[in-house]
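Number of protein chains: 4
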Amino acid sequence: MIIVMQASCTDDDITKILAFLEAHHLTGHPSHGVEQTVIGVLGAPGPSGSPTSIGGINPATAEALEGLRGVERVLAVSKPYKLVSREFHPDRTIIDIPVPFSPEGGLHIGSDQVVVMAGPCTVESEKQLMLTAEAVRKAGATCLRGGAFKPSTSPYSFRGLGEEGLKLLAKARATFGMAIITEVMTPTDVSLVCQYADILQIGARNMQNYMLLDEVGRQHKPVMLKRGMSATIEEWLLAAEYILSQGNKQVMLCERGIRTFEKMTRNTQDISAIPLIKHLSHLPVIGDPSHGTGRRDLVSPLALAAVAAGADGLLIEVHPNPSEALKDGAQSLTIEQFQDLVPQIQRIALAVNRDVALTPPLHAPISMKEIVYGN
Amino acid sequence: MIIVMQASCTDDDITKILAFLEAHHLTGHPSHGVEQTVIGVLGAPGPSGSPTSIGGINPATAEALEGLRGVERVLAVSKPYKLVSREFHPDRTIIDIPVPFSPEGGLHIGSDQVVVMAGPCTVESEKQLMLTAEAVRKAGATCLRGGAFKPSTSPYSFRGLGEEGLKLLAKARATFGMAIITEVMTPTDVSLVCQYADILQIGARNMQNYMLLDEVGRQHKPVMLKRGMSATIEEWLLAAEYILSQGNKQVMLCERGIRTFEKMTRNTQDISAIPLIKHLSHLPVIGDPSHGTGRRDLVSPLALAAVAAGADGLLIEVHPNPSEALKDGAQSLTIEQFQDLVPQIQRIALAVNRDVALTPPLHAPISMKEIVYGN
Amino acid sequence: MIIVMQASCTDDDITKILAFLEAHHLTGHPSHGVEQTVIGVLGAPGPSGSPTSIGGINPATAEALEGLRGVERVLAVSKPYKLVSREFHPDRTIIDIPVPFSPEGGLHIGSDQVVVMAGPCTVESEKQLMLTAEAVRKAGATCLRGGAFKPSTSPYSFRGLGEEGLKLLAKARATFGMAIITEVMTPTDVSLVCQYADILQIGARNMQNYMLLDEVGRQHKPVMLKRGMSATIEEWLLAAEYILSQGNKQVMLCERGIRTFEKMTRNTQDISAIPLIKHLSHLPVIGDPSHGTGRRDLVSPLALAAVAAGADGLLIEVHPNPSEALKDGAQSLTIEQFQDLVPQIQRIALAVNRDVALTPPLHAPISMKEIVYGN
Amino acid sequence: MIIVMQASCTDDDITKILAFLEAHHLTGHPSHGVEQTVIGVLGAPGPSGSPTSIGGINPATAEALEGLRGVERVLAVSKPYKLVSREFHPDRTIIDIPVPFSPEGGLHIGSDQVVVMAGPCTVESEKQLMLTAEAVRKAGATCLRGGAFKPSTSPYSFRGLGEEGLKLLAKARATFGMAIITEVMTPTDVSLVCQYADILQIGARNMQNYMLLDEVGRQHKPVMLKRGMSATIEEWLLAAEYILSQGNKQVMLCERGIRTFEKMTRNTQDISAIPLIKHLSHLPVIGDPSHGTGRRDLVSPLALAAVAAGADGLLIEVHPNPSEALKDGAQSLTIEQFQDLVPQIQRIALAVNRDVALTPPLHAPISMKEIVYGN
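Residue numbers (our numbering), protein chains in the order written: chain A, 1 to 375; chain B, 1 to 375; chain C, 1 to 375; chain D, 1 to 375.
With the rest of the complex left out, here is chain A (with noise of 0.2 Å):
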């Protein structure tokens, strides 16, 4: 931590300053400069293997030293997260996901497969969710998203169909072996959830609902933390902190775009957090290009640049009928543009030396014939 005193202070400002530091176990090195003095100052080591200080010093400590007279900023040196870093953990977490029939172990994401998830915004019914999957399986799909519980802007919109669709997604999962990804809204609902999804959802508007956080971090399940709307990264990688800290090591972040002015867009897909995640932690990364543009016609290519950016992964909104969707209409994908979409994904992933994690194709036991969807 570095204290910037402002170019008026006097000498007793500074006594008290190195005396306060003193009185938190902290020593102060002043450095006295041709405009300006500024104070380095250094911790003392935490309880071994605790992260509860951060360099040796307390967050709220930094926080007072901003208050008091003289001091013009206090800089933080330290990055104020750890399990969640790079540097203090090197390699790279794979998140595996067993899969039914699926030769390869199943899914491995944050590996050099590339993993497409892919489906409805919401589950709407049986006959809608069943379609998509089974179209969606076919063109490559290993994972397959659909929202039971949705969050949304009025209340007046649909809020999903609740235990019912979760399990409707179980019956997707059992009939086409996908993996199953779907959001959690509040921590109550977390271990219902659990019973259904491989990968228990975090959307945007709950990234810093600590609460739910904590409860995620006690399961033994995989998590995607999306990115909330006007979060920065720091303050991104702190949530996910949050579910690391718990005990929960499966975590992917997801990139789903964040709000500026730009109007003609619903948001603005910050492909530059793909490499840079990659670069500050070891977890893996998505794209959600869905969301990140909320226009069908960007879908694809910014799907593309995702990969091209380094994405483990990416999350796209596909719905048989899109003009019948009741959430999200504009921004899903028809099954044939998906169907595009796939192979264009793989070629990109062989550019930068990736593979996309396709499924077998479907076979005995499953004879799509015989499916009956109910509506």
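By construction, these hints were calculated from the structure, which means they are not laboratory data.
Beta carbons are placed, not taken as given, at the ideal position from N, Cα and C, and that holds for glycine.
Careful, some of the hints might be misleading.
When the alpha-carbon atoms are kept at most 20 Å apart in a straight line, the in silico PhoX-like pairs for lysine-lysine are as follows [to be verified]:
hint	chain 1	residue 1	chain 2	residue 2
1	D	K263	B	K263
2	A	K263	A	K82
3	C	K263	A	K263
4	D	K82	D	K127
Partial list, derived from the structure: chain A residues whose beta carbon lies under 7 Å from chain D [what the hints assert, rightly or not]:
hint	residue
5	L26
6	L192
7	Y196
8	E262
9	Q269
10	D270
11	I271
12	P275
13	L302
14	L304
15	A309
16	G310
Guided by the hints, dock chains B, C and D onto chain A, whose structure is given.
Just chains B, C and D now, kept in the frame of chain A:
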């Protein structure tokens, strides 16, 4: 709702859209302009007294239309909220809060009286809370703020005293005759916090925690809904609509700054939101210059600006010793600074034909000298 | 300057950085913390009286350091501006502008008197300008605004009357005894505009048009520098530093709103910039609530907020018939609204121990009745 | 154009608006909805071949309408630009630039060939420029970038070599057979820069310097228009419209990142703007990952992402010794990094069915060994 067609759209595209509208019980009126066709859409009146469709049009239908061939954009015409809207409820809402020892029968938030709420960011100890409460009450505050459950960006920061903090707030309430405002972070804590608080605070990070909004919407307690860090005015009003739609009409909105590119302030306080909300809604609006700026030296000028622009109240962080605060030390006023500020607020309030709701002088049976604070 | 090293840096990296610093006549002081090493850098004093290096360190050197192996970040310590800084010039700057018929010898911008500048966005015709000038002067404005050269987002919009507009402003000046402020958009127009204007306005889009800044910096005319749409406070002060560094010390800064995600207002007026600039700089600060909000119904509350927060003046668009304005009709006050506003500004100014610089009543030799306006 | 009336508007308000429209030669068609009335406005066709009105409606009229009583909002329907629009010019624009020694007759920007432009931020010396030019040409770049006139946030930073820098660029052009792109900052320099450059660059800070846009619009030289730091897509296209409306059709657009709240990157590169511009306009789009990210470690992944998303070219900063660069050292690739990058760009280009326009191998009469560079 207005559908703007692409310049290149065909007659067939238009015919299909009109059929789609008809299938959804809507009527389309095309106008063929010099370059483009637009289709005005009229909805059917919703069930009497029910706001489940807006302008008679389901939000999902609007979204779905954006996905149809030939459509360039869909423009909403009606406001997506109703219960919070001034158009449908022209009289301002005044929230009455009984306060012990108050000769005026308590606070009347939204009236001509500007309400000053002050106190520490976080309840840290009995001594810290009681000292601050006594001081801010003497200086003129009528409502005491203080967090018992605290959201923290880092999992390693102090997260509040929990119920113990609530009990200390209750003690301060009984001792000094102030209303209490404190944050609730998760649905399962709502009933507990209701036992102690006069106003439930929903923090910025939880503005779109819909299950929490639902839960406070079912209470008979005033709620202060802080604006999310990157929430638009419309999203903020829709979040309030969640609460009102559950039956709780006692909602006030608190502007606490939005996230922008500027780095010198913690947030950018959007003062224009104060008169804008007053135009759009009947709900009271509170300014929070502490979070709005994040800098002690800016709190007082922004407090005055908020009142000049029409705020119904202020929420201000005060700490007896900011440099020892466990959170937000850099943005807390000292007691002396707060004492200086209240008369200035009073002068500005009078200049805009309002008044500050001031507490009566402390007198028997409350004898300050005899109070002994714990740690 | 502080160099923060990566946790993984080697001794060799540090040695090379110290050698690099030495080669640039700087001294490095490494401190080895628990997790990371930081290097404090001290510069050599620059040539006496010359601000060409900041804290004795060339800005390019700091940038270059960021590229060296093992470096995580370079933190600036010194402020990058000097001439505009309050630290190096503690007394506030007061800009005196002589105005015909003024009993007080003209305007004193930056003094205890709040200056009200008003007028149409654009000079459209003699009649429009003279009517507005007469009305705003009678209502209390002492400075007349009006654009002769207008920046327009679209090439198909009205771009101003040019020199003809300047001549009309000069006529209004002579007739009503008001100072004139008008925009200059390109270096070759500066000498022309100087012949007619009392204050040269640099618009938001030109805040970083450095050749224009240089050119107005060589004049003996007060300059109002508007904040760029997405300029940080620091960039804004650096743009002012350009002007001062050419010799022109008569600079005032104008906050006119910044670009954010909010769509209901044209910009988000950053009221906190007003007291913040007053802390950082000795230059006067003006608020522009017309561009700051873009909505007529928000102009008055934001004008009051700006004065409450410490603004030295206001710049307000007024049009005798806003619905016929060639530009910015939606944000122009009517004459009646402006007449209502001035006494409110006066009340707020008094509440913060200031006053409004009001014009004396119009009297002979100016006889309004006899003025005949052209078209 | 659509006028949305307030729910509380009166019949008289509507009558007055219809009269106002008629007076402006427009026709209004009111539709009375359940809650609100909207008025569709049809314009008159403009003079043949003239885009001076958009959809037959003057932009100022739309603005003025927003100020009328009873009006809630005015929604634009037509796009405000024409000459740059794909709707009115469906074929993509290909800009041909002759380059010495090129077997393919030069560059064809906007064709299936991806063009790589590289070089130093700033021309610093003959040696620095020639070394870089030789290296990037050998690695595959066909166009050399380098600033002779440099915008700098601080008045104390290096501002470029001026015409001397242009002459060095011309020498590099003649020696290595590369096209030259360099920035022009002010109208009076345009004719000078035209003598040396193959492409005139308009920097981000000057995107709305309208007199500069007018001036380059009168030249017969290709122009690269960088996106302003906080320019919307629409404003950016309107700035290009300025250039085309003066007669110069050879314009390419360059995405160089936008300003957001994120602090870890210098800007947020808006990759979605690339395919979006390709949808809206026929003009070529270039990606600038150097300014887009500001970090050397992110330049290569973002370069690949831009090409995957459809960019027609890349603009990349390369410096033989970034730690000695006078500007932008932290974002310049080393020569080795650039050599590694070009084959990766080539692989991505092939994956999206394009190719990279590569220079032929250097051969006689250019003998590298014999070139002796000055300082």
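These are the hints, each one checked on the structure:
With a CA separation close to 9 Å, the supplied pair D:K263 and B:K263 stays within the 20 Å bound. For a cut-off of 20 Å, the pair hint linking A:K263 to A:K82 is broken: about 36 Å separates their Cα positions. The straight-line distance between the Cα atoms of C:K263 and A:K263 is roughly 9 Å, inside the 20 Å bound, and the hint therefore holds. Restraint check for D:K82 and D:K127: not satisfied, since their Cα atoms lie roughly 45 Å apart, outside the 20 Å limit.
Using the Cβ-Cβ criterion of 7 Å, the hint placing A:L26 at the interface with chain D is not satisfied: the shortest such distance is roughly 25 Å. The closest approach between the C-beta of A:L192 and any C-beta of chain D is roughly 35 Å, which is over the 7 Å cut-off, so the hint fails. The restraint placing A:Y196 at the interface with chain D is violated, with a minimum CB-CB distance near 33 Å, outside the 7 Å limit. Because the beta carbon of A:E262 sits about 6 Å from the nearest beta carbon in chain D, less than 7 Å, this interface hint is met.
Taking 7 Å as the C-beta contact cut-off toward chain D, the hint placing A:Q269 at the interface holds, the least distance being around 6 Å. Given hint, A:D270 at the interface with chain D, holds; its Cβ is 5 Å from that chain's nearest Cβ, closer than 7 Å. Taken as an interface hint, A:I271 checks out: its beta carbon lies about 5 Å from the nearest beta carbon of chain D, inside 7 Å. For A:P275, the suggested interface contact is upheld, since its CB lies about 4 Å from the closest CB of chain D, less than 7 Å.
Here the hint on A:L302 is kept, as its CB sits about 6 Å from the closest CB of chain D, short of 7 Å. Of the supplied interface hints, the one on A:L304 holds, with its beta-carbon coming within about 4 Å of a beta-carbon of chain D, less than 7 Å. At a threshold of 7 Å, the smallest CB-CB gap from A:A309 to chain D is about 4 Å, leaving the interface hint in force. Hint on A:G310 holds. Least Cβ distance to chain D is approximately 5 Å, under the 7 Å limit.
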